[in-house]
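S.K.: Sequence:
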Amino acid sequence: MASLLSTNLAILLLFVYLVSNSFVSANFYNDFDITWGDGRGKILDNGNLLTLSLDKSSGSGFESRNEYLFGKIDMQLKLVSGNSAGTVTAYYLSSKGTKWDEIDFEFLGNLSGDPYILHTNVFTQGKGNREQQFYLWFDPTADFHTYSILWNPQLILFSVDGIPIREFKNAESKGVPFPNNQPMRIHSSLWNADDWATRGGLVKTDWSQAPFIASYRNFNAEACVAKPGSPSSCGGSGSTALWWSEVVDSSKQERLKWVQKNYMVYNYCSDSKRFPQGYPPECNMG
250 MASLLSTNLA ILLLFVYLVS NSFVSANFYN DFDITWGDGR GKILDNGNLL
300 TLSLDKSSGS GFESRNEYLF GKIDMQLKLV SGNSAGTVTA YYLSSKGTKW
350 DEIDFEFLGN LSGDPYILHT NVFTQGKGNR EQQFYLWFDP TADFHTYSIL
400 WNPQLILFSV DGIPIREFKN AESKGVPFPN NQPMRIHSSL WNADDWATRG
450 GLVKTDWSQA PFIASYRNFN AEACVAKPGS PSSCGGSGST ALWWSEVVDS
500 SKQERLKWVQ KNYMVYNYCS DSKRFPQGYP PECNMG
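For the sequence shown, position 286 matches number 535 in this note's numbering, and the numbering has no gaps at all.
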């Protein structure tokens, strides 16, 4: 598998270059476009703050100008406060096409006083159905918190405030596709999903609470940006980017187990009713 990965990466890395080996705080004016919402998405504070808004007429969304192929991506979010039932704030990486790759954070709103559900998923070649859901150990509406995606040839790691909550390992050796050849943009949207988001759609959006607002700041990318035809110094055995070869060490493994023991509310890898013939092969990676 190692030789196959090396060959694939050697080809792929002809199309990317390394942005930076250190975190550089971005400016939303330079790095993102508001893509929909008819003015409901706003860039404020000289480009240091971005807000999305949802009302009964429309939600809103944005995407990054750059496409990334591997990287370590951080964003601070402050979620819709109060009665957010029916709303979804989605923050994710996604490629294009019918066999797209995608790495998802989705925040499912709830009634005032009830916790948000953090929904995660990984799509490879158009196939998802790899849901894990968590409660958070803090109120994500009271202040900004950092939500991170580490994506390198070995794994995808979801983290909250530096604490890992989910690991998706490269299981190509078991026949499971891994997202390693399709560049992805960063996307986020705030939208109404009261047909399913809160208690399976039983609780509807209370439009008297609108507009609903989610806020973003301190985006950082230590990543490879896809530039077709450009030479690359990204990754590989000589890379000085620590994230390129980062794995879940024993300390991170302990924190990951702590989150999954105390805050996980759904794991597709333990849903025997859904998989009566046996769990997907990546579930047995240990």
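Worth double-checking, as some hints may not be accurate.
[Said to hold, decoys possible] When the alpha-carbon atoms are kept at most 30 Å apart in a straight line, the in silico DSS-like pairs for lysine-lysine are as follows:
hint: 1; residue 1: Lys-510; residue 2: Lys-476
hint: 2; residue 1: Lys-376; residue 2: Lys-423
hint: 3; residue 1: Lys-291; residue 2: Lys-423
hint: 4; residue 1: Lys-345; residue 2: Lys-506
hint: 5; residue 1: Lys-345; residue 2: Lys-423
hint: 6; residue 1: Lys-376; residue 2: Lys-506
hint: 7; residue 1: Lys-376; residue 2: Lys-501
hint: 8; residue 1: Lys-376; residue 2: Lys-476
hint: 9; residue 1: Lys-423; residue 2: Lys-327
hint: 10; residue 1: Lys-418; residue 2: Lys-345
hint: 11; residue 1: Lys-305; residue 2: Lys-510
hint: 12; residue 1: Lys-418; residue 2: Lys-522
hint: 13; residue 1: Lys-305; residue 2: Lys-501
hint: 14; residue 1: Lys-506; residue 2: Lys-418
hint: 15; residue 1: Lys-522; residue 2: Lys-510
hint: 16; residue 1: Lys-522; residue 2: Lys-327
hint: 17; residue 1: Lys-453; residue 2: Lys-376
hint: 18; residue 1: Lys-291; residue 2: Lys-345
hint: 19; residue 1: Lys-291; residue 2: Lys-476
In case anyone wonders, no lab produced these hints; they're calculated from the structure.
S.K.: Now tell me, hint by hint, if it's right for this structure.
M.R.: Each hint tested on the structure:
1. Lys-510 / Lys-476: Not satisfied, since the Cα-Cα distance of roughly 41 Å exceeds 30 Å.
2. Lys-376 / Lys-423: Holds - the C-alpha atoms of Lys-423 and Lys-376 are around 16 Å apart, at most 30 Å.
3. Lys-291 / Lys-423: Outside the cut-off at roughly 44 Å; violated.
4. Lys-345 / Lys-506: 33 Å, violated
5. Lys-345 / Lys-423: 25 Å, holds
6. Lys-376 / Lys-506: Since the Cα atoms of Lys-376 and Lys-506 sit roughly 26 Å apart, the hinted pair holds (cutoff 30 Å).
7. Lys-376 / Lys-501: At roughly 28 Å apart (the allowed maximum being 30 Å), Lys-501 and Lys-376 satisfy the hint.
8. Lys-376 / Lys-476: Roughly 26 Å separates the two Cα atoms, so the pair holds.
9. Lys-423 / Lys-327: Cα-Cα ~38 Å, so violated.
10. Lys-418 / Lys-345: 22 Å, holds
11. Lys-305 / Lys-510: 38 Å, violated
12. Lys-418 / Lys-522: 24 Å, holds
13. Lys-305 / Lys-501: Not OK: Lys-305 and Lys-501 at ~42 Å, beyond 30 Å, violated.
14. Lys-506 / Lys-418: 15 Å, holds
15. Lys-522 / Lys-510: 21 Å, holds
16. Lys-522 / Lys-327: 35 Å, violated
17. Lys-453 / Lys-376: Measuring from Cα to Cα gives roughly 29 Å; hence the hint holds.
18. Lys-291 / Lys-345: Between Lys-291 and Lys-345 the Cα gap is close to 25 Å, so the pair holds against 30 Å.
19. Lys-291 / Lys-476: 28 Å, holds
Going down the numbered hints, you'll see the structure goes against 1, 3, 4, 9, 11, 13, 16, while the others check out.
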